[in-house]
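> Using the sequences provided together with the hints, build the complete structure.
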Amino acid sequence: MRTLRNETHESTALFVPLSTVLAQVGRSHNTPRHCIPWNAWGPSGTRMVSRELSETWVCYNYGMKFIQGLRWKNGHVARAYDFNPYAARKDIKMSFDSPIPWTRLAKQSRPGAQSPSFNEGVVTSLPGRVARVSLAHSDDGWDAVMIGEDHILMVQPNYSVYGYMAM
Numbered sequence: 001m002r003t004l005r006n007e008t009h010e011s012t013a014l015f016v017p018l019s020t021v022l023a024q025v026g027r028s029h030n031t032p033r034h035c036i037p038w039n040a041w042g043p044s045g046t047r048m049v050s051r052e053l054s055e056t057w058v059c060y061n062y063g064m065k066f067i068q069g070l071r072w073k074n075g076h077v078a079r080a081y082d083f084n085p086y087a088a089r090k091d092i093k094m095s096f097d098s099p100i101p102w103t104r105l106a107k108q109s110r111p112g113a114q115s116p117s118f119n120e121g122v123v124t125s126l127p128g129r130v131a132r133v134s135l136a137h138s139d140d141g142w143d144a145v146m147i148g149e150d151h152i153l154m155v156q157p158n159y160s161v162y163g164y165m166a167m
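Sequential numbering of the sequence shown, starting at 1, is according to the working numbering.
Everything labelled a hint here was simulated from the structure, so no lab data went into it. You may find that some hints are simply not true.
Stated by the list, open to error - Straight-line alpha carbon distances no greater than 25 Å define the calculated SDA-like cross-link-like pairs of lysine to any residue that follow:
| # | residue 1 | residue 2 |
| --- | --- | --- |
| 1 | K107 | Y62 |
| 2 | K65 | W38 |
| 3 | K107 | A87 |
| 4 | K65 | G42 |
| 5 | K107 | A13 |
| 6 | K65 | N119 |
| 7 | K65 | V49 |
| 8 | K107 | G121 |
| 9 | K65 | E120 |
| 10 | K107 | V16 |
| 11 | K65 | V25 |
Below you can see the structure in the form of structure tokens.
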């Protein structure tokens, strides 16, 4: 979701696992078509995160993982999110050889407090974990990052150079 605030574009990502959608489908099996209020499924089954915009379109997610490049530090840092329910229960990394320092997400996020997109306060609390990842060095920084099952791909401005690193 993109909004314009004080001549600055803001963006918010909404994560909705298929299990959240299927739970509502299962509950409304024999009922007529109706709207399901946000409070019935949104606060506990989703997570909203403010994100930085990139003019480069890349695949920011893979399964239950999401990554965003951060514009500070010359584009050498990214923030990775993992909403895998098994991984989210742990404060530590999943595998012993992973260099990623995962930490548990806060119990709740309140993106509506900073965004003009919402008329009222929004709270989301889908469990997950997050890590700040130092990207492989590039003299010109990275324009965008993509995430795969066990790797991160970085793209330099004008697509002149690509970088790859294990997660």
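> Hints numbered earlier in the text: which of these fail when held up against the supplied structure?
6 and 9
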